[in-house]
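S.K.: One-letter residues, chain by chain:
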Amino acid sequence: MISLTDVSKAYSSSVSIGPVSVDIDAGGITALVGPNGAGKSTILTMIGRLLSLDSGRIEVAGHDVVNTPSKAIAKIISVLRQENHFVTRLTVRQLVSFGRFPYSKGRLTLGDEKYISEAIDFLDLTDLEDRYLDQLSGGQRQRAYVAMVLAQNTDYVLLDEPLNNLDMQHAVAMMKQLRRAADELDRTVVIVLHDINFAAHYSDRILAMKDGQVVEHGTPAEIMRDDVLTRVFNTDVQVVPGPNGPLAVYY
Amino acid sequence: MTSTLRQDIAYTSRDILVDEQRSRRRPLLTPSFLLAVVVTLGLLAASLLVGQFDVFAEGNFWMFGITRIPRTVALVLAGASMAMCGVIMQLLTQNRFVEPTTTGTTEWAGLGLILVMWLAPTASLLARMSAAVAMAFLGTMVFFLFLRRVSLKSSLIVPIIGIMLGAVVSSFTTYLALMTDTLQTLGIWFQGSFTGVIQGRYELMWIVLAVTVLVFLVADQFTAAGLGKDMATNVGLNYTLVLFMGTAMVAVATGVTATVVGTLPFLGLVVPNIVALFRGDDLRSNLPWVCLVGISTVTLCDLIGRLIIAPFEVPVSMVLGLVGGIVFIGLLLRQRRKGGLVT
Amino acid sequence: MLKTAQDAPAQRGTQQTPQQSRRSGPLTGRRHRRVYALVTAVLILISLGSTAGILFYNNPMPVGSDGWWLIAGMRRDSLLTIAVVALCHAMATIAFQTAVNNRIITPGIMGFGSLYTAIQTGFVYLFGITGVVMLVGVPQFFLQMAVMMLLATGLYTWLLSGKFSNIHIMLLVGVVLGGTLGSLSTFMQRMLTPSEFDVLTARLFGNLSNARAEYLPYAIPIALAVAVVLWLWAPKLNVIALGKDNATNLGLNHKREVIKILLLVSILVSLATALVGPMMFLGFLTAALAYQFGDTYSHRHLFPLGFLCGYAVLSASYFVLRHVWDAGGAVTVIVELVGGLVFLFFLLRKGRL
Chain A
980 MISLTDVSKA
990 YSSSVSIGPV
1000 SVDIDAGGIT
1010 ALVGPNGAGK
1020 STILTMIGRL
1030 LSLDSGRIEV
1040 AGHDVVNTPS
1050 KAIAKIISVL
1060 RQENHFVTRL
1070 TVRQLVSFGR
1080 FPYSKGRLTL
1090 GDEKYISEAI
1100 DFLDLTDLED
1110 RYLDQLSGGQ
1120 RQRAYVAMVL
1130 AQNTDYVLLD
1140 EPLNNLDMQH
1150 AVAMMKQLRR
1160 AADELDRTVV
1170 IVLHDINFAA
1180 HYSDRILAMK
1190 DGQVVEHGTP
1200 AEIMRDDVLT
1210 RVFNTDVQVV
1220 PGPNGPLAVY
1230 Y
Chain B
5 MTSTLRQDIA
15 YTSRDILVDE
25 QRSRRRPLLT
35 PSFLLAVVVT
45 LGLLAASLLV
55 GQFDVFAEGN
65 FWMFGITRIP
75 RTVALVLAGA
85 SMAMCGVIMQ
95 LLTQNRFVEP
105 TTTGTTEWAG
115 LGLILVMWLA
125 PTASLLARMS
135 AAVAMAFLGT
145 MVFFLFLRRV
155 SLKSSLIVPI
165 IGIMLGAVVS
175 SFTTYLALMT
185 DTLQTLGIWF
195 QGSFTGVIQG
205 RYELMWIVLA
215 VTVLVFLVAD
225 QFTAAGLGKD
235 MATNVGLNYT
245 LVLFMGTAMV
255 AVATGVTATV
265 VGTLPFLGLV
275 VPNIVALFRG
285 DDLRSNLPWV
295 CLVGISTVTL
305 CDLIGRLIIA
315 PFEVPVSMVL
325 GLVGGIVFIG
335 LLLRQRRKGG
345 LVT
Chain C
473 MLKTAQDAPA
483 QRGTQQTPQQ
493 SRRSGPLTGR
503 RHRRVYALVT
513 AVLILISLGS
523 TAGILFYNNP
533 MPVGSDGWWL
543 IAGMRRDSLL
553 TIAVVALCHA
563 MATIAFQTAV
573 NNRIITPGIM
583 GFGSLYTAIQ
593 TGFVYLFGIT
603 GVVMLVGVPQ
613 FFLQMAVMML
623 LATGLYTWLL
633 SGKFSNIHIM
643 LLVGVVLGGT
653 LGSLSTFMQR
663 MLTPSEFDVL
673 TARLFGNLSN
683 ARAEYLPYAI
693 PIALAVAVVL
703 WLWAPKLNVI
713 ALGKDNATNL
723 GLNHKREVIK
733 ILLLVSILVS
743 LATALVGPMM
753 FLGFLTAALA
763 YQFGDTYSHR
773 HLFPLGFLCG
783 YAVLSASYFV
793 LRHVWDAGGA
803 VTVIVELVGG
813 LVFLFFLLRK
823 GRL
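Chains as they are written, first to last, in my numbering: chain A, 980 to 1230; chain B, 5 to 347; chain C, 473 to 825.
FYI, nobody ran anything at the bench for these hints, they're computed from the structure.
Quick caveat: nothing in here was measured; it's all calculated off a predicted structure.
All C-beta atoms, glycine included, are put in the ideal place defined by N, C-alpha and C.
Honestly, I wouldn't trust all of these hints.
Example chain B residues on the side facing chain C (calculated, C-beta under 10 Å, incomplete) [unchecked claim]:
#1 Val146
#2 Ser159
#3 Ser175
#4 Leu187
#5 Pro315
#6 Gly325
Computed cross-link-like contacts, DSBU-like style, restricted to lysine-lysine with a CA-CA straight-line distance of at most 35 Å [claimed, not checked]:
#7 A:Lys1189 x C:Lys732
#8 A:Lys1093 x A:Lys1054
#9 A:Lys1093 x C:Lys727
#10 A:Lys1050 x C:Lys732
#11 A:Lys1189 x A:Lys1155
#12 C:Lys716 x A:Lys1155
#13 A:Lys1189 x C:Lys716
#14 C:Lys732 x A:Lys1084
#15 C:Lys716 x A:Lys1054
#16 C:Lys732 x A:Lys1155
#17 A:Lys1050 x A:Lys1084
#18 C:Lys732 x C:Lys716
#19 A:Lys1054 x C:Lys727
#20 A:Lys1093 x A:Lys1050
#21 A:Lys1189 x C:Lys727
#22 A:Lys1093 x A:Lys1155
#23 A:Lys1155 x A:Lys1050
#24 A:Lys1084 x A:Lys1054
#25 A:Lys1155 x A:Lys1084
#26 C:Lys732 x A:Lys1093
#27 A:Lys1084 x C:Lys716
#28 A:Lys1084 x A:Lys1189
#29 C:Lys727 x C:Lys716
#30 C:Lys732 x A:Lys1054
#31 C:Lys727 x A:Lys1050
#32 A:Lys1093 x C:Lys716
#33 A:Lys1155 x A:Lys1054
#34 C:Lys716 x B:Lys233
#35 A:Lys1189 x A:Lys1050
So here's chain A without its partners, still in its complex pose (with noise of 0.2 Å):
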């Protein structure tokens, strides 16, 4: 479980959060959906510990994450932002296999090339493995990174945004290996998303932030409802029945 008690951080004149307060229990995918500037990415970056908190705490099972070691917390969580440009030519295997260094500092043993493998495999990525990521597609270099921290072996996977700048195949290809990542591999993931409609049918729980405060917290059910949705975004939002599960129409 994620538990946010009381926290609070003045990101910039802008975007300011909390004090929020909310528990995110393990297992599924939670989406954090919300206007631009609510504090998503904010929020989510604050639990991966990439940004500091000015008040309040996190907890991810159990351990708090700003005093606890960063590398024990490693084993924990894995987080990916949406930006990442490096300075060195990688090839896939080898960010994959960057996603080990937690356990092998550096020294990756057969068990590591092992879960590097099945990372790569799980994405599909099997004959990519030696490309260098800058002869990838977008939707193929996305995959490589999110394979990187599904390798890391982390029961907490936080991903910020990761459909963006994806095309509607691959954004779909993309929510299908992530259920498949936390059914199948047992992971808790929690992700950023821009379209409310991809959050209502892929993720189990939805978190609506506006204004820096969780304004909303339920099932897809719960959340994808007129007045709901009509507050959260600030839009008018009518929910009608698609073939496979209700739509938010705003247009």
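Once you have looked at the hints, place chains B and C on chain A.
M.R.: Quick look at chains B and C alone, frame taken from chain A:
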């Protein structure tokens, strides 16, 4: 995030261009502006009066015309134009830490000077100046070219790389000076100082007046060009032409000032930023202020340099380098506290 | 193209390499390994050649005589200096560029050179020509190093620790401080007599003959010790090169590691500067060559390559310029100019910084 910001800027700039009258001018002739004018005039009067030579003694007044007036005129022109250079470059690059000394422009001008000294030792002041201007133009283009080719993660990288670029160029200059045994001359000559700016030498400075005036007329185009080629074309601007014009203006001001006075480090950076601190970020409506503050900063630094170890003089570039460096660092630390690092 | 889940196993079946050979490593495949080995071999050959050349070429004394050995011994000291300088600049620059996550910036811009210049100029300004002599000697060598280290440590602890830590601001403040120191030096220089100035210039430009043999017994162990520590940290450096967020995600305390690396870098740079004078682009040149030839993330592969590049470039140009063309003083200037040109070239390549 970045793209939305860019769009915001684009809309603002289009507003400025479309209905200039409405959104632009804050009243200029406020009491504080008049006060600033008075202070500047006072400093200039002090510059005319301060000195070892008693110009008001019997039969000495001719010195006034030969040294004091040229020096003061040069202060006005150099101060205003170098501050304007900073504005032009900051508008074109949308980066507030850019100016001739943080982009290598000054060093390129120096390279031009030493090249002429090496190849044609007897060349006239005008010929040296032309070489300085030409090299400054080339150097500024190199820098802009570099900026257009890379995408940057942080606006602070730009001045760091600009200063490194300057170091490369000045190592060429130093090498040439070493070969021609003119290193110490170069040091003296290149260190900005108004001491030697007397009749017969300062007249060239009038050229930079044109740059100062021109900035007032075309600043809006620089703002639009700073948003990038697509955005500028979108609002009906010939991007390449504007970029060339801006570069040429910077090159002329830097080259002429480098030839006649020497370098004036950080002036173009510190002045627009200081003005923005108390008047807000609208560079366009700040222009008269930038002019005034530029003039008074240079004059004040020159006066300090003249008085602090009288009867000797500390070159103005040293005072400016010290004061400007400290103010620059202060601005950086302020930026650090704010946390925002967008241009 | 994204493959669907169904045809993935089929393609996996047709794969050439069997499953057990799937290994991760810093060098991808046989071709990459061969290129790396070839480059290393060529560099070693150049280094050996120019080392032999410097040691034995044109020794005026009869082979084997006492005088011959004396001259060879002096030349050996030059070679050791070259090795120390190459080691310091190459390792410092690669580690620095990893720490600041940028392959254009070099540690030379951080004001080490300006501080060195200011110290040297200040002594000549205050004490005349004897000022230069006053700065020669082992304690003085360490003192200059210590002052440079102090400045660097002050900057790092001031601007990198705490809530508002920002590496770019730290760099820029260092650069600006260096510039301010520089204008102070220029001012002092213009007050010098031409003869004082001539003596000073000889010290101000990186010059291999600035290094005195008595510094070497201290400089070599320090440089080696720091190099060993950086070598041991290489796996961490590999991770830090992925950037702050990824390094934190993988369990490193990014801020602390960066400060530690930068401290080691400042030892190396101030050592090299106190030894031969400021050099700004030698490190850039060697690091750029190492990235180009090595094409790997692994610092255990980059460090030796960088050192070899530095040693080969310096010793070869020293041999050619000093022993063949008799222009030894120009070695560092030439190397710096070439480094500067390479810098310009890299600047105008398309990329992301």
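S.K.: Now tell me if each hint is right for this structure.
M.R.: Here is what the structure says about each hint:
1. The criterion of a C-beta within 10 Å of any C-beta in chain C is met by valine 146 of chain B, whose closest approach is roughly 7 Å, and the hint holds.
2. Annotation: interface hint on serine 159 of chain B holds; nearest CB of chain C at approximately 9 Å, less than 10 Å.
3. For serine 175 of chain B, the suggested interface contact is upheld, since its CB lies about 6 Å from the closest CB of chain C, less than 10 Å.
4. For leucine 187 of chain B, the suggested interface contact is upheld, since its CB lies about 6 Å from the closest CB of chain C, less than 10 Å.
5. For proline 315 of chain B, the suggested interface contact is broken, since its CB lies about 14 Å from the closest CB of chain C, more than 10 Å.
6. For glycine 325 of chain B, the shortest C-beta to C-beta distance to chain C is roughly 3 Å, which falls under 10 Å, so the interface hint holds.
7. Using a Cα cut-off of 35 Å, the hinted pair lysine 1189 of chain A and lysine 732 of chain C is violated, with the two alpha carbons roughly 40 Å apart.
8. For the hint linking lysine 1093 of chain A to lysine 1054 of chain A, the alpha-carbon distance of about 17 Å falls within 35 Å, and the restraint holds.
9. A C-alpha spacing of about 31 Å is found between lysine 1093 of chain A and lysine 727 of chain C, which places the hinted pair at or below 35 Å, so the restraint holds.
10. The straight-line distance between the Cα atoms of lysine 1050 of chain A and lysine 732 of chain C is roughly 17 Å, inside the 35 Å bound, and the hint therefore holds.
11. Restraint check for lysine 1189 of chain A and lysine 1155 of chain A: the C-alpha separation of about 27 Å stays at or below 35 Å, so the hint holds.
12. With a CA separation close to 29 Å, the supplied pair lysine 716 of chain C and lysine 1155 of chain A stays within the 35 Å bound.
13. Using a Cα cut-off of 35 Å, the hinted pair lysine 1189 of chain A and lysine 716 of chain C holds, with the two alpha carbons roughly 28 Å apart.
14. Distance restraint check for lysine 732 of chain C and lysine 1084 of chain A: the Cα-Cα separation of roughly 18 Å lies within the 35 Å cut-off, and the hinted pair is therefore satisfied.
15. Among the hinted pairs, lysine 716 of chain C with lysine 1054 of chain A is consistent with the structure: their alpha-carbon atoms are about 18 Å apart, no more than 35 Å.
16. Note on lysine 732 of chain C and lysine 1155 of chain A: the hinted pairing is violated, with a Cα-Cα distance of about 42 Å set against a maximum of 35 Å.
17. For the suggested pair lysine 1050 of chain A and lysine 1084 of chain A, the alpha carbons sit about 10 Å apart, so the restraint of at most 35 Å is met.
18. Straight-line distance between C-alpha atoms of lysine 732 of chain C and lysine 716 of chain C comes to about 15 Å, which keeps the hinted pair within the 35 Å bound.
19. Only pairs whose Cα atoms come within 35 Å are accepted, and lysine 1054 of chain A paired with lysine 727 of chain C is accepted, the gap being roughly 20 Å.
20. A threshold of 35 Å between alpha carbons decides the hint, and for lysine 1093 of chain A with lysine 1050 of chain A the separation of about 21 Å falls inside it, so the pair holds.
21. For a cut-off of 35 Å, the pair hint linking lysine 1189 of chain A to lysine 727 of chain C stands: about 31 Å separates their Cα positions.
22. A C-alpha spacing of about 23 Å is found between lysine 1093 of chain A and lysine 1155 of chain A, which places the hinted pair at or below 35 Å, so the restraint holds.
23. For the given pair, lysine 1155 of chain A sits about 30 Å from lysine 1050 of chain A by alpha-carbon distance, which is consistent with the 35 Å threshold.
24. The suggested pairing of lysine 1084 of chain A with lysine 1054 of chain A holds, with an alpha-carbon distance near 12 Å, which does not exceed 35 Å.
25. The straight-line distance between the Cα atoms of lysine 1155 of chain A and lysine 1084 of chain A is roughly 31 Å, inside the 35 Å bound, and the hint therefore holds.
26. Note on lysine 732 of chain C and lysine 1093 of chain A: the hinted pairing holds, with a Cα-Cα distance of about 33 Å set against a maximum of 35 Å.
27. Of the pairs offered as hints, the one joining lysine 1084 of chain A and lysine 716 of chain C holds, with about 17 Å between alpha carbons and a cut-off of 35 Å not exceeded.
28. This hinted pair does not check out: lysine 1084 of chain A and lysine 1189 of chain A have alpha carbons roughly 40 Å apart, beyond 35 Å.
29. Annotation: proposed proximity of lysine 727 of chain C to lysine 716 of chain C holds, straight-line Cα distance about 8 Å (limit 35 Å).
30. A threshold of 35 Å between alpha carbons decides the hint, and for lysine 732 of chain C with lysine 1054 of chain A the separation of about 24 Å falls inside it, so the pair holds.
31. Between lysine 727 of chain C and lysine 1050 of chain A the alpha-carbon distance is near 14 Å, which keeps this suggested pair within the 35 Å criterion.
32. Distance hint between lysine 1093 of chain A and lysine 716 of chain C is fulfilled; the C-alpha atoms sit about 27 Å from each other, no more than 35 Å.
33. Distance hint between lysine 1155 of chain A and lysine 1054 of chain A is fulfilled; the C-alpha atoms sit about 24 Å from each other, no more than 35 Å.
34. For the proposed pair lysine 716 of chain C and lysine 233 of chain B, the alpha carbon gap of about 32 Å is at most 35 Å, so the pair holds.
35. Restraint check: the Cα-Cα separation between lysine 1189 of chain A and lysine 1050 of chain A comes to about 33 Å, which is no more than 35 Å; the hinted pair holds.
When each numbered hint is compared with the structure, violations occur for hints 5, 7, 16, 28.
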